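From first to last, the protein sequence lines stand for chains A and B.
Residues 1 to 117, numbered by the numbering used here, are exactly what the first sequence covers, in order.
Residues 118 to 228, numbered by the numbering used here, are exactly what the second sequence covers, in order.
Residues of chain B placed beyond 10 angstroms of chain A at every Cβ, according to the derived structure:
| id | residue |
| --- | --- |
| 1 | Pro131 |
| 2 | Ala137 |
| 3 | Asn172 |
| 4 | Asn182 |
| 5 | Tyr187 |
| 6 | Ser225 |
Below, computed lysine-lysine pairings styled on BS3-like, alpha-carbon distance capped at 25 angstroms:
| id | chain 1 | residue 1 | chain 2 | residue 2 |
| --- | --- | --- | --- | --- |
| 7 | A | Lys64 | A | Lys14 |
| 8 | B | Lys196 | B | Lys220 |
| 9 | A | Lys64 | A | Lys20 |
| 10 | A | Lys55 | A | Lys20 |
| 11 | B | Lys220 | A | Lys41 |
| 12 | A | Lys66 | A | Lys55 |
| 13 | B | Lys223 | B | Lys119 |
| 14 | A | Lys41 | B | Lys227 |
| 15 | B | Lys196 | B | Lys223 |
| 16 | A | Lys20 | B | Lys162 |
| 17 | B | Lys196 | A | Lys41 |
| 18 | B | Lys227 | B | Lys162 |
| 19 | B | Lys119 | B | Lys159 |
| 20 | B | Lys162 | A | Lys41 |
| 21 | A | Lys41 | A | Lys66 |
| 22 | B | Lys159 | A | Lys41 |
| 23 | B | Lys159 | B | Lys227 |
| 24 | B | Lys220 | B | Lys159 |
| 25 | B | Lys223 | A | Lys41 |
| 26 | B | Lys196 | B | Lys159 |
| 27 | A | Lys14 | A | Lys66 |
| 28 | B | Lys223 | B | Lys162 |
| 29 | B | Lys119 | B | Lys220 |
| 30 | B | Lys220 | B | Lys162 |
| 31 | A | Lys20 | B | Lys159 |
| 32 | A | Lys66 | A | Lys20 |
| 33 | B | Lys119 | A | Lys41 |
| 34 | B | Lys196 | B | Lys227 |
| 35 | B | Lys223 | B | Lys159 |
| 36 | A | Lys14 | B | Lys159 |
Everything labelled a hint here was simulated from the structure, so no lab data went into it.
These figures come from a predicted structure and were not determined experimentally.
Quick reminder that beta carbons are idealized off the backbone N, C-alpha and C, glycines included.
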Amino acid sequence: GAVVSQHPSWVICKSGTSVKIECRSLDFQATTMFWYRQFPKQSLMLMATSNEGSKATYEQGVEKDKFLINHASLTLSTLTVTSAHPEDSSFYICSARTGSSYNSPLHFGNGTRLTVT
Amino acid sequence: RKEVEQDPGPFNVPEGATVAFNCTYSNSASQSFFWYRQDCRKEPKLLMSVYSSGNEDGRFTAQLNRASQYISLLIRDSKLSDSATYLCVVNRRGSQGNLIFGKGTKLSVKP
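So here's chain A without its partners, still in its complex pose (with noise of 0.2 angstroms):
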C-alpha cells in the first residue's frame, strides 16, 4: 500500500493564486521529504529538500520565495506555490524515505498535477 499520501490529485488554478500540496508520511515519520517537479516527456527534477524543524534546502535555480516549503511536523511537508503563473503548471510529486539509510530507495506520492490558466 501507500507509504506517502500527497493531496491535491490535481488542482485548477488561475494566474496569480497561490496553491497549497500536503505530502504526508503514512505509519513512518520522515525527518526528510523531497519534493520534485516534471514537466511533459522531462526527467523528474528536485526543487528542493524539506527538513522537519528547519528551512528547506532548495536546488539551483528554484526560487525559495515562490515555492515556501513547510515542514511542521515528522508526518506533514507541504509546499505552497505563491503567485502561480502557466509556466508553474507541471507535475508536483512529494517523496521520502522510509527506510534510515541514504541508500534505501525513495517512496513517492501520487502527485498533483498542477494547471494555471
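Guided by the hints, dock chain B onto chain A, whose structure is given.
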C-alpha cells in the same frame, strides 16, 4: 554531459520478448542505484534496487558495472502490463539521498 542518460526509446516489443535497457551515469562517486517504473501521468514506483553483484527479481534482472558507470535492466517474457516508462535513478554524490533521475525509456509491449 547529463548526470544520468538513457535511451528514450520507445521500445516496441511483442509479448514474450526479452528487452534490455541501458543507462550511464557521470558521477563516479554515486553509491546507490535504482530502477523505477512510471506509468503515464502517474508517480514513479520502485521496481528494484541495483546491487554491485547484480540482482534478479522474477522476470527482471538488474546489473551494475561501476568501472563503466553503466546500469542495465533486462525484462524477460514481456507482459502487456510491463508497458511503462523505466527510469534509471542514481544518488548524488555526498548527498543525504537526493536522487537524480534519467529521462526514462518508454516500453510498449504489444499483443
